[in-house]
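Taken in order, these protein sequences are the chains called A and B.
For the first sequence, our numbering begins at 1 and goes up steadily by one.
For the second sequence, our numbering begins at 1 and goes up steadily by one.
Any given hint could be a false lead.
Far from chain A by the CB rule (all over 12 Å, computed), these chain B residues [as the list claims (entries may be wrong)]: (1) Q6; (2) T12; (3) V13; (4) E15; (5) A17; (6) S18; (7) L19; (8) E20; (9) K49; (10) T55; (11) Q58; (12) G62; (13) R69; (14) P79; (15) V81; (16) H82.
The calculated SDA-like cross-link candidates involving lysine to any residue, where the alpha carbons are at most 25 Å apart (straight line), are [to be verified]: (17) K57(A) - Y27(B); (18) K95(A) - T55(B); (19) K57(A) - L11(A); (20) K106(B) - Y10(A); (21) K83(A) - K106(B); (22) K57(A) - T30(B); (23) K71(A) - N18(A); (24) K106(B) - F88(A); (25) K57(A) - A95(B); (26) K71(A) - A95(B); (27) K61(B) - T108(B); (28) K49(B) - T100(B); (29) K57(A) - V19(A); (30) K49(B) - T5(A); (31) K106(B) - G58(A); (32) K57(A) - K61(B); (33) K49(B) - G3(A); (34) K83(A) - Y10(A).
These are computed hints drawn from the structure, not numbers from a lab.
Since the model is a prediction, treat every value here as computed from it, not as a measurement.
Where is the CB? At the ideal position from N, CA and C, for every residue including glycine.
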Amino acid sequence: DGGITQSPKYLFRKEGQNVTLSCEQNLNHDAMYWYRQDPGQGLRLIYYSQIVNDFQKGDIAEGYSVSREKKESFPLTVTSAQKNPTAFYLCASRKATGDGYTFGSGTRLTVV
Amino acid sequence: AQSVTQPDIHITVSEGASLELRCNYSYGATPYLFWYVQSPGQGLQLLLKYFSGDTLVQGIKGFEAEFKRSQSSFNLRKPSVHWSDAAEYFCAVGAGQAGTALIFGKGTTLSVSS
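In isolation and in its complexed conformation, chain A is listed as follows (with noise of 0.2 Å):
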């Protein structure tokens, strides 16, 4: 089945180190989209991607990086530069503009 697979579920690093979350899709949708989710907060725009090698800068970009080499992949690299960046991370796509996204289901990310 078609999907949006994110890993690691969990993951835990020291602070000052740099990590990167997998965002992959079978989903042969063009654009991308990664948001941080804090208790409260709602969901906030990192960066999105609307084509291979090309990608904006969403609300909260600083300390974030992200590549976009192939369709199916929009891995997100949380850098020491973010101040505070334990958080529920979310992937998403979608196919054609006005379409819903499709949501990955998460990675958890606790700096320690």
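Chain A is already provided as a structure; the job is to place chain B on it using the hints.
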């Protein structure tokens, strides 16, 4: 500014009772509107969406939503709530043109009492 407001942070409803979750939006263009549901520790699942046409849209799991342009609202309803409906619900708004992302509300947590 573009925004989505879900006025109720937490709602408790008795099993079998009706439900209405409120959503108000601020958007400059014709909006595309969505409702999503999230179980704890999981991703979001699309319940329903509205682009145009009939202002009352039907979704999965017995949910429906009504678009009211004059009130900038897109409220979610269900006639009879089941215990399995307990979850967090998010309203989202987006544009029709390419190159944009959805804007989400902060969510409403639904608890169902027996």
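So, going through the hints one by one against the coordinates:
For Q6(B), the non-interface assignment is contradicted: its Cβ lies about 8 Å from the closest Cβ of chain A, within the 12 Å cut-off. Distance to chain A confirms T12(B) as a non-interface residue, since its nearest Cβ pair spans about 17 Å, more than 12 Å. Separation of V13(B) from chain A is adequate, the least Cβ-Cβ distance of about 20 Å exceeding the 12 Å criterion. Distance check on E15(B): its Cβ is at least 26 Å (rounded) from any Cβ of chain A, clearing the 12 Å threshold; non-interface status holds.
Once the 12 Å rule is applied to beta carbons, A17(B) is consistent with being away from chain A; the minimum gap is 25 Å. With a least CB separation of 25 Å from chain A, S18(B) remains clear of the 12 Å interface cut-off, as annotated. Against chain A, the non-interface label of L19(B) holds: every CB pair exceeds 12 Å, the least being about 20 Å. E20(B), annotated as away from the interface, keeps every beta carbon of chain A farther than 12 Å; the closest lies near 19 Å.
Some Cβ of chain A comes within 12 Å of the Cβ of K49(B); the nearest lies about 5 Å off, and the non-interface call is violated. With a cut of 12 Å on Cβ distances, T55(B) stays outside the contact zone with chain A, its closest approach being about 17 Å. No beta-carbon of chain A comes within 12 Å of the beta-carbon of Q58(B); the shortest separation is about 15 Å. For G62(B), the condition that its CB be more than 12 Å from all CB atoms of chain A holds, with the nearest at approximately 18 Å.
The beta carbon of R69(B) sits about 17 Å from the closest Cβ of chain A, which is more than 12 Å, so the claim that it is off the interface holds. Residue-level check passed: P79(B) sits 23 Å from the nearest beta carbon of chain A, beyond 12 Å. No beta-carbon of chain A comes within 12 Å of the beta-carbon of V81(B); the shortest separation is about 22 Å. H82(B), annotated as away from the interface, keeps every beta carbon of chain A farther than 12 Å; the closest lies near 22 Å.
Taking the CA atoms of K57(A) and Y27(B), the gap is near 20 Å; set against the 25 Å cutoff, the hint holds. For the hint pairing K95(A) with T55(B), the CA-to-CA distance comes to about 24 Å; that is within 25 Å, so the pair holds. A hinted pair counts as satisfied when its Cα atoms are at most 25 Å apart, and K57(A) with L11(A) qualifies at roughly 24 Å. The suggested pairing of K106(B) with Y10(A) holds, with an alpha-carbon distance near 23 Å, which does not exceed 25 Å.
Simply put, K83(A) and K106(B) have alpha-carbon atoms about 22 Å apart, close enough for the 25 Å limit, and the pair holds. Using a Cα cut-off of 25 Å, the hinted pair K57(A) and T30(B) holds, with the two alpha carbons roughly 23 Å apart. Taken as a hint, the K71(A) and N18(A) pair is honoured in the structure, with Cα atoms around 24 Å apart against an allowance of 25 Å. Under the criterion of a C-alpha separation no larger than 25 Å, the hint pairing K106(B) with F88(A) is consistent with the structure, at around 14 Å.
Between the alpha carbons of K57(A) and A95(B) the distance comes to roughly 17 Å, so the proposed pair stays at or under 25 Å and holds. Between the alpha carbons of K71(A) and A95(B) the distance comes to roughly 22 Å, so the proposed pair stays at or under 25 Å and holds. This hinted pair checks out: K61(B) and T108(B) have alpha carbons roughly 17 Å apart, not beyond 25 Å. Proximity of K49(B) to T100(B) is assessed by CA-CA distance (about 17 Å); at most 25 Å being required, the pair is judged to hold.
Our distance criterion of 25 Å between C-alpha atoms is met by K57(A) and V19(A), whose separation comes to about 19 Å. Among the hinted pairs, K49(B) with T5(A) is consistent with the structure: their alpha-carbon atoms are about 23 Å apart, no more than 25 Å. Between the alpha carbons of K106(B) and G58(A) the distance comes to roughly 17 Å, so the proposed pair stays at or under 25 Å and holds. Annotation: proposed proximity of K57(A) to K61(B) is violated, straight-line Cα distance about 35 Å (limit 25 Å).
Pair hint K49(B) plus G3(A) holds up; C-alpha atoms about 19 Å apart against a cutoff of 25 Å. A threshold of 25 Å between alpha carbons decides the hint, and for K83(A) with Y10(A) the separation of about 19 Å falls inside it, so the pair holds.
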